[in-house]
Amino acid sequence: MTYYLDQLLNGLSLGSLYALIAVGYTVVYGIVQLINFAHGEIFMIGAFGALSTWIVLSWVTGGSTAWWNLPLMLVGGMIVAVLTAVLMERFAYRPLRNAPRLAPLITAIGISIFLQEFVRLFYGQIPGFPDAKAAIPFPQLEFFTGPAIDVGGLQVHRGNFFVMAALLICWIFLWWFVNRTATGRAMQAVSQDPDTSRLMGIDVDRIIVVAFAVGASLAAVAGLASGLRYGNIDFKMGFLAGLKAFTAAVLGGIGNINGAVVGGLTLGVVEAMATTLIPGQFGGPAWKDVWAFVLLILILVFRPQGLLGAKVVDRA
Amino acid sequence: MSSQTPTVASTESRHVGKEEILAARSVTMRFGGLVAVDNVDFTVHSGEIVGLIGPNGAGKTTFFNCLTGLYKPTSGEVRFSGQVLPPKPRSVVVAGMARTFQNIRLFPNMTALENVMVGRYCRTSAMALTSILRGPKYRREEEATRARAVELLDYVGMKGQGGHLARNLPYGDQRRLEIARALATDPKLLLLDEPTAGMNPQETRQAEELIFKIRDSGLAIVVIEHDMRFIFNLCDRVLCLVRGKTLIEGTAAEVQSDPRVIEAYIGSPDSDDEASGSDVATEGEAGNA
Chain W
166 MTYYLDQLLN GLSLGSLYAL IAVGYTVVYG IVQLINFAHG EIFMIGAFGA LSTWIVLSWV
226 TGGSTAWWNL PLMLVGGMIV AVLTAVLMER FAYRPLRNAP RLAPLITAIG ISIFLQEFVR
286 LFYGQIPGFP DAKAAIPFPQ LEFFTGPAID VGGLQVHRGN FFVMAALLIC WIFLWWFVNR
346 TATGRAMQAV SQDPDTSRLM GIDVDRIIVV AFAVGASLAA VAGLASGLRY GNIDFKMGFL
406 AGLKAFTAAV LGGIGNINGA VVGGLTLGVV EAMATTLIPG QFGGPAWKDV WAFVLLILIL
466 VFRPQGLLGA KVVDRA
Chain Z
721 MSSQTPTVAS TESRHVGKEE ILAARSVTMR FGGLVAVDNV DFTVHSGEIV GLIGPNGAGK
781 TTFFNCLTGL YKPTSGEVRF SGQVLPPKPR SVVVAGMART FQNIRLFPNM TALENVMVGR
841 YCRTSAMALT SILRGPKYRR EEEATRARAV ELLDYVGMKG QGGHLARNLP YGDQRRLEIA
901 RALATDPKLL LLDEPTAGMN PQETRQAEEL IFKIRDSGLA IVVIEHDMRF IFNLCDRVLC
961 LVRGKTLIEG TAAEVQSDPR VIEAYIGSPD SDDEASGSDV ATEGEAGNA
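Chains W and Z are the protein sequences, given in the same order. Count along the first sequence from 1, then add 165; that gives the number in this note's numbering. Count along the second sequence from 1, then add 720; that gives the number in this note's numbering.
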């Protein structure tokens, strides 16, 4: 029993990570109907931004791993991720705003490869930074990592708590931002009818930038959380994570924020449970990606609008 | 006609002293080989209601779209308060021109109040970052936006209905809500595209009262309508377009009694059906744009 609970918890924390990234896909899709396949790379860059912040701090602190590094790393990661996303929107996607839908999709794949290779080749060139051609150990901060916590007999990795709490906070914040602020209202308006929004005096280009920035901030949170939980980061971590998060967004109903969260958690739990419950040859960790994408195929066949796709009122 | 250079036309004598808000000079709009709006001059003064009439496909909505920056006219120019506006819908709204739509275009999944608040958006300084950080200025602005939106809902006669989703509102209220949303942008000129389409006589009367009330508050109004009684009750001046060209412009009484207007609507024995058929297709396309 404990074993299954343990797996459930692992699934939820993995799912939280997917959900944090999936929100970025869904927010951008809701506003511009664009699948930003380079979003996984924003997650990776967020993690590298957080790491870089820590490295720069360590020149002063001598490599302290105290808890207060966390907020600074988070801000550092967010700034780098948001900057990358905004530049990407400005120079790669905006010129293609009225192009056929295939063009931005292929551009996204190009940006994705560019960003991966850029980090792989140039990160180590910056004086004082480690070489990024292989995995880089991520600083293990006090309190957020370390010995597992005992919760009623369950040994829970501290990183799991961090990522689940992060998802919860981001979700609440995002709900508030979309529903209770002027910018959020404008985002809803653009997602429901971009042409009318423009005629009502909304600067649609700026709202699109905001959507990219919001997605990138959450991806940076996920990047930091991933580093803390798995202990290392590398330049290709964004590929599979991005693909899984995209699956999660489709699973929940793309364009729908709550859908991305539900889809992410579902995908994480299904992966963890499939690993555990399926016996014999098709079980075990080696098959978890297979089950994740089988779920995607089933959803696309039987409920293409996603779990929350049809009924949900708020898309933004 | 396409090579015509815009000229500054002389002000009509009976409007001397009134501020000229909107002045369109020789506006022409072509779609490929089709001339949807052909060399139309049009002037609106402050505090005036001007009607725009014409049979289906006459180019009324296309002309509206030229005025509001949705289309860039092929030739001719539109001046608003003496300035040529860049053909960007956003700058047109900021300059003080707001519109409603022939087919209702509310944000269906937002509440009535939120719809009006979206209209306020262009008058607030709300940046994404300040709305996250919630400075005192932002909070004041948000409060003012909400208060103004509630006030406008009252003004159009929808008191207490702000909480309903726009798509669940009855048809007449949706039309009124569109007007409230347009008013929220603080316009100097309001353009109404068939505000009473599909309304029953009682709703039409209420709309008429509302439009008078708005005019009395100092706004200039341009209204496209098919309901002739409505137009002739309401408008100071009427412009009649037929196949993209100005047929007649004058006071309601002048236009009403002009035989050519009646002919344009009902048709004369030798009217060309094929040509009017292609005109209808144009307006359909314009409405969807």
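Hints are not guaranteed to be accurate.
Said to hold, decoys possible - Between beta-carbon pairs, the in silico distance windows are:
(1) D874(Z) x E307(W): 53 to 59 Å
(2) L885(Z) x L270(W): 31 to 37 Å
(3) I982(Z) x Q198(W): 34 to 40 Å
(4) F283(W) x K808(Z): 31 to 37 Å
(5) V240(W) x N888(Z): 49 to 55 Å
(6) K933(Z) x R255(W): 41 to 47 Å
(7) P856(Z) x F294(W): 40 to 46 Å
Stated by the list, open to error - Each computed EDC-like pair below joins lysine to aspartate or glutamate, with the alpha-carbon atoms no more than 20 Å apart:
(8) K933(Z) x D956(Z)
(9) K808(Z) x D358(W)
(10) K808(Z) x D368(W)
Just so you know, these hints were derived from the structure itself, not from any lab. Built from N, CA and C at the ideal position, the CB exists for glycine as well.
To see whether the hints hold, each was checked on the structure:
Take D874(Z) and E307(W): their Cβ atoms lie about 57 Å apart, and the range 53 to 59 Å holds. L885(Z) and L270(W) have their C-beta atoms about 33 Å apart, which keeps the hinted 31 to 37 Å range intact. At roughly 47 Å, the beta carbons of I982(Z) and Q198(W) sit outside the given window of 34 to 40 Å. In this structure the supplied range 31 to 37 Å holds for F283(W) paired with K808(Z), their Cβ-Cβ distance being about 35 Å.
A beta carbon spacing of about 43 Å between V240(W) and N888(Z) contradicts the range 49 to 55 Å that was offered as a hint. Separated by about 45 Å at the C-beta atoms, K933(Z) and R255(W) satisfy the suggested range of 41 to 47 Å. Checked against the hint of 40 to 46 Å, the pair P856(Z) and F294(W) passes, with Cβ atoms roughly 41 Å apart. Restraint check for K933(Z) and D956(Z): satisfied, since their Cα atoms lie roughly 15 Å apart, inside the 20 Å limit.
Proximity of K808(Z) to D358(W) is assessed by CA-CA distance (about 17 Å); at most 20 Å being required, the pair is judged to hold. Taking the CA atoms of K808(Z) and D368(W), the gap is about 10 Å. The hint holds against a cut of 20 Å.
Going down the numbered hints, you'll see the structure goes against 3 and 5, while the others check out.
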